[in-house]
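Note that the protein sequences, when read in sequence, are chains B, Z, S, P, Y and A.
Using the working numbering, the first residue of the first sequence is number 1, and each one after it goes up by one.
Using the working numbering, the first residue of the second sequence is number 249, and each one after it goes up by one.
Using the working numbering, the first residue of the third sequence is number 497, and each one after it goes up by one.
Using the working numbering, the first residue of the fourth sequence is number 745, and each one after it goes up by one.
Using the working numbering, the first residue of the fifth sequence is number 993, and each one after it goes up by one.
Using the working numbering, the first residue of the sixth sequence is number 1241, and each one after it goes up by one.
Keep in mind the hints are simulated off the structure, nothing from the lab.
Beta carbons are placed, not taken as given, at the ideal position from N, Cα and C, and that holds for glycine.
Be aware that one or more of the hints could be misleading.
No farther apart than 30 Å at their CA atoms in a straight line, the calculated lysine-lysine pairs in the DSSO-like style are these [what the hints assert, rightly or not]:
1. Z:K336 with P:K772
2. Y:K1212 with P:K905
3. S:K716 with B:K88
4. S:K524 with Z:K409
5. A:K1460 with B:K88
6. P:K905 with P:K772
7. Z:K468 with Z:K409
8. P:K855 with P:K897
9. Z:K336 with Y:K1212
10. A:K1351 with A:K1393
11. B:K28 with B:K220
12. Z:K336 with B:K58
13. P:K832 with S:K524
14. Z:K336 with A:K1393
15. Y:K1080 with P:K964
16. Z:K276 with B:K88
17. P:K855 with P:K898
18. B:K220 with A:K1393
Residues from chain S that face chain P, not an exhaustive set, calculated with beta carbons under 8 Å [unchecked claim]:
19. S533
20. A580
21. D605
22. D731
What follows is the residue order along each chain.
6 protein chains.
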Amino acid sequence: MSSTPAPRIDGRTPQQLRPITIERGWSKHAEGSVLISFGDTKVFCTASVTEGVPRWRKGSGEGWVTAEYSMLPRSTNTRGDREAVRGKIGGRTHEISRLIGRSLRAVIDYKSLGENTIVLDCDVLQADGGTRTAAITGAYVALADAVAWAQGKKLVKAGRKPLTDTVSAVSVGIVGGVPLLDLCYEEDVRAETDMNVVCTGDGRFVEVQGTAEAEPFDRKELNALLDLAVGGCEDLAALQREALEATR
Amino acid sequence: MSSTPAPRIDGRTPQQLRPITIERGWSKHAEGSVLISFGDTKVFCTASVTEGVPRWRKGSGEGWVTAEYSMLPRSTNTRGDREAVRGKIGGRTHEISRLIGRSLRAVIDYKSLGENTIVLDCDVLQADGGTRTAAITGAYVALADAVAWAQGKKLVKAGRKPLTDTVSAVSVGIVGGVPLLDLCYEEDVRAETDMNVVCTGDGRFVEVQGTAEAEPFDRKELNALLDLAVGGCEDLAALQREALEATR
Amino acid sequence: MSSTPAPRIDGRTPQQLRPITIERGWSKHAEGSVLISFGDTKVFCTASVTEGVPRWRKGSGEGWVTAEYSMLPRSTNTRGDREAVRGKIGGRTHEISRLIGRSLRAVIDYKSLGENTIVLDCDVLQADGGTRTAAITGAYVALADAVAWAQGKKLVKAGRKPLTDTVSAVSVGIVGGVPLLDLCYEEDVRAETDMNVVCTGDGRFVEVQGTAEAEPFDRKELNALLDLAVGGCEDLAALQREALEATR
Amino acid sequence: MSSTPAPRIDGRTPQQLRPITIERGWSKHAEGSVLISFGDTKVFCTASVTEGVPRWRKGSGEGWVTAEYSMLPRSTNTRGDREAVRGKIGGRTHEISRLIGRSLRAVIDYKSLGENTIVLDCDVLQADGGTRTAAITGAYVALADAVAWAQGKKLVKAGRKPLTDTVSAVSVGIVGGVPLLDLCYEEDVRAETDMNVVCTGDGRFVEVQGTAEAEPFDRKELNALLDLAVGGCEDLAALQREALEATR
Amino acid sequence: MSSTPAPRIDGRTPQQLRPITIERGWSKHAEGSVLISFGDTKVFCTASVTEGVPRWRKGSGEGWVTAEYSMLPRSTNTRGDREAVRGKIGGRTHEISRLIGRSLRAVIDYKSLGENTIVLDCDVLQADGGTRTAAITGAYVALADAVAWAQGKKLVKAGRKPLTDTVSAVSVGIVGGVPLLDLCYEEDVRAETDMNVVCTGDGRFVEVQGTAEAEPFDRKELNALLDLAVGGCEDLAALQREALEATR
Amino acid sequence: MSSTPAPRIDGRTPQQLRPITIERGWSKHAEGSVLISFGDTKVFCTASVTEGVPRWRKGSGEGWVTAEYSMLPRSTNTRGDREAVRGKIGGRTHEISRLIGRSLRAVIDYKSLGENTIVLDCDVLQADGGTRTAAITGAYVALADAVAWAQGKKLVKAGRKPLTDTVSAVSVGIVGGVPLLDLCYEEDVRAETDMNVVCTGDGRFVEVQGTAEAEPFDRKELNALLDLAVGGCEDLAALQREALEATR
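Okay, chain B solo, but in the shape it has when bound (with noise of 0.2 Å):
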């Protein structure tokens, strides 16, 4: 690992993330709404609070979250086939939707939410490298507003807090022997190693999913990127509470 690296190709240090952006409220209809941006990346993530749980689920008087990920058609540089018209969903589309389920999961208190069911549909306008955690961390926030529509509505109990901390995302990768934090897309096929890291807002681990892309890495690498990891996930933690704490 060089000491003195050159700047990144959007002229970023390498524990700089891309500049963030979280609107809420993007749609009149959804209990939650956000579209977020990790620089050219633009994922629109909407909570959709339903009554009731899976059947697998009901009378344990828990809740349930669950999330679906796809990409627009065109959200890439050339354009993939829509997966409704193939008729199948791919296998990255199923581990992204499964990871984002699990991450905002750790952060429910299933028995506060009572038995209701929120799902989180992050649809990804334009991808320009971490679509994934840029989609946990604005679905996030989306979550924290349908939350709060819940107990406006009185469907959680008063009292209860169904949110037990914040969650978000961010990808690290070593690029020409460098760790880097937030990979855009050209440096994400660039990459050696990849990771994807999702942290609490207290600054614990949820999900830690390194993989070489070229080189197996060694674990001084591992743990140049998990602090990388650590710090961003603590900025984008910063970025969500200040949105949640603006008025809509």
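For chain B, the structure is supplied; the task is to place chains Z, S, P, Y and A on it using the hints.
Here is chains Z, S, P, Y and A on its own, set in the frame of chain B:
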């Protein structure tokens, strides 16, 4: 038909469009892209150019234009299932995708386009009635930008005009006995008759699709609806031209 | 539009239907069944009555009518793939099934039908243009027989009339500048404009679906087509009544 | 097995076929087409010739014959779901399609057919037992007409005989202890043993498929059934020849 | 048929089975499980007991038995596609699953089984001809163990015998004019006629499925094949009993 | 974390693997095949070599390695639906197939492999936790045998080493506050944190996938899990080498 109708739910006159906005360049990847709003209905339209044509058209020297329409799951008041998750596309989605494709092809000169394909993706971000007509109207603008891009890239031979005219669409309907232009959702569900009309810039018809929702309609009502629709399409054509003349 | 048009490919005048035959009772199992021919177009229509309605309609006291359209693989000049083998229904099939369903529902009084469902299956045995209009016209006769059967079985309360009118459909189009009624396949492929019109027995419109195949059409052409269609539907309504009055 | 059995439900003797009708030329499009009835069972069989063979057979100089079987939704007493709507073909349909294909291929000389493909579509319009055997018997006649058509078009080399024999099929079963030929539906559901036998014109076997529905069957019963079936196929072969000798 | 046939490819006499092994208790989870080998053909059979029956059988007091067959992708000489990946089950798989289910149901007394369901999963680990017959033969042993388990758990009423007999299956075929028992793959591909026979322990037939692969077969050949098969099934029934008498 | 943990459910120490067995040559057809057991978890891994590569890689001179994972329906305690029957592959299956593929590709030198494809099929015969890690560990051995086979067949150029290292995988988790290696099912369901780690033979990481099942985990816990996993992978690498050195 009453001569002095009560004001509409949103205060419009019977022959008045909702506020229309057309934002070009909404995607950094697509060759043409537009976010169009008809009131609270918002459709994101991208036009993707690829060299070459489907197999059945190879060697013809002629291009092709096709469209895919979809609604985000929470674009509506209650969340709908994702068609990709259900593993099949519903009849309504098929029907509208085909309508959009036919409408745009009506103003394409295949020979001038040469063996290039343009796919129009129309994804409804928020629905409040008239999603198909907004999609057609927005897709035209995205298509025009994509054609211009292809001309810039010399994919289209110099001196050729792949677009023969503009095309736009609007819904009309009879609500409480009164013919109205550009129905919002609340009007749409109460309409006795519902019609979608697609016109070229010169005021001729590309598609006329009228459906009796409650009572069959007579020739006089049909004529009143056609009059309204032709006027609405004229207004939309002006807005399209204005949007395309603006510097992006 | 020429005033003294050349005779049509099969010798008909512009406002003449092809030979129409309506054979009732073509199935020993179905509650209503018809083999209808519009010239060489042959559609087998069955009406199946079942007690009860789809889940979303239970307890409403109202019935339901729906339709499924399909073409046998070799009903056309070259064999088409079976949709069951491809594992999905194409857009055109969906579109026509929905059109048939809507058309027949236009003459149903749901309350009088009571909580019964009638499914209309329209299978094209041989196609020569106008399959959807033959299907609607034949399905009405099958539906009428099925309703009579249900009345005989006391599924429908005494004194109720579930059918409010007859319904029939015909295609019209502009071929070589001349508006023609009831296009056969060879005319259909050459038509500049193609329109399907569904009328009730009292001459009002249930559906008007006009499409510019080559050139957009103007209001005068539209009016000429509507005139032709209304006349054709009148003739078809007379043939339907005649068929239903015959003793089976 | 009783020696003086009670008359059958429709008055036939145990070794008697139902009334068989074979109408050729039932489709104006298909190269061969037949509407065949075994009593109330009616199957519409078309044979479609296309030049060329599936990819795995290209360059072999040999042809191919395949079949697809389907039941119209209301061909049976209660309406069945359309397989195209369910999005998959059921096991029974697959099984019968494969049986028909194998049966017809048994009388095809692939070399003489040359690199041509014939697809047999067998669509059951009305079912009353024995639909697969009617389909095979009818498909043979449609195939013979299609082969003659191909010979007329010089797709088949002069002097070649692509058909080596006729082929027909019949069901047999043991009902109430009595072996019966050509079961109708009411007999079929009560049969203890059910067998479908496919024979060539020279009386040899192409397929023998016997299934114990209630009780296992012994060798003596098996022999009685085979005797009946061979006789029935002989009768059917005579009817096939007669139909083919008639001038269409 | 030659009277002094050349020895078979693996040195067997025409009426000799391949080495058969039946290993019970191959799964720690399933109520009954068997790894069966017919020479190099290895099929893993599990029997899964669940309380309750499919909806259409509820309240009947009777049980149900069904089967699913599948080949691992590399059970064959060249790798086949996974049916789960293709998204549909092929005709051959359907056909064999249905055959296995019918065969096992032939020895089940539904009333004695009570409202319990047993699913037989037969997964081919290695294929060398005769996978369906090995599956049936092995599935019977797994079924017997599952029934014993259900009796031990008192799911089956005391004194009831859900199994009425044993059932086994074997393939026979005519290869080079010689009728042979239990074909291995190399014999199978060269067979002129191929037959699968399923017999109960008392020597009666449950299924007889003979197919002419090359030439139609005559009655004498059919009889020779049936003789061979009956003998083979007798041997297999003895091996099944032996396996079940062994202490696991 | 407790310093003197209670013995594990099966008596192991926290850093002890379950008994591991690796049987090579378990299929007569596949170029490489292994039955691997991690305690009661048994996975059958085959490696299938085909000349050529997927279309997108043609002409690159480089090979390809991919994997498919599946569980037999009754590999688990209660029977699961077959994915082929449901007609789609679930998210978990997709996710694990992709993980196995990536893991094995990490030790492949595509250039040395040349334009050959190796497919790894990992079918779980019996599941007791850790099926994906057993699959990766076994698939490596099957892959090594397949590569050796390809070298023997001269599909790989002399002097080339397509495998750059070994690769193995193990699960670790925190159960009752204690970090444990190689969780069995009962430990897995009780784990607060669950991690799968894939290492090369030189101790570097290919994949690190940690998930908080109940509570988020901190950096100290993460480090303890990584230490355990690295030790476990070292032991597995030794067992892989031992298996490959044995004469088959």
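Now for the hints, and whether the structure bears them out:
{"no.": "1", "hint": "Z:K336 with P:K772", "verdict": "34 Å, violated"}
{"no.": "2", "hint": "Y:K1212 with P:K905", "verdict": "28 Å, holds"}
{"no.": "3", "hint": "S:K716 with B:K88", "verdict": "47 Å, violated"}
{"no.": "4", "hint": "S:K524 with Z:K409", "verdict": "60 Å, violated"}
{"no.": "5", "hint": "A:K1460 with B:K88", "verdict": "41 Å, violated"}
{"no.": "6", "hint": "P:K905 with P:K772", "verdict": "25 Å, holds"}
{"no.": "7", "hint": "Z:K468 with Z:K409", "verdict": "39 Å, violated"}
{"no.": "8", "hint": "P:K855 with P:K897", "verdict": "17 Å, holds"}
{"no.": "9", "hint": "Z:K336 with Y:K1212", "verdict": "53 Å, violated"}
{"no.": "10", "hint": "A:K1351 with A:K1393", "verdict": "17 Å, holds"}
{"no.": "11", "hint": "B:K28 with B:K220", "verdict": "48 Å, violated"}
{"no.": "12", "hint": "Z:K336 with B:K58", "verdict": "28 Å, holds"}
{"no.": "13", "hint": "P:K832 with S:K524", "verdict": "27 Å, holds"}
{"no.": "14", "hint": "Z:K336 with A:K1393", "verdict": "45 Å, violated"}
{"no.": "15", "hint": "Y:K1080 with P:K964", "verdict": "41 Å, violated"}
{"no.": "16", "hint": "Z:K276 with B:K88", "verdict": "27 Å, holds"}
{"no.": "17", "hint": "P:K855 with P:K898", "verdict": "15 Å, holds"}
{"no.": "18", "hint": "B:K220 with A:K1393", "verdict": "41 Å, violated"}
{"no.": "19", "hint": "S533", "verdict": "12 Å, violated"}
{"no.": "20", "hint": "A580", "verdict": "4 Å, holds"}
{"no.": "21", "hint": "D605", "verdict": "23 Å, violated"}
{"no.": "22", "hint": "D731", "verdict": "24 Å, violated"}
Checked against the numbered hints given earlier, this structure breaks hints 1, 3, 4, 5, 7, 9, 11, 14, 15, 18, 19, 21, 22; the rest are met.
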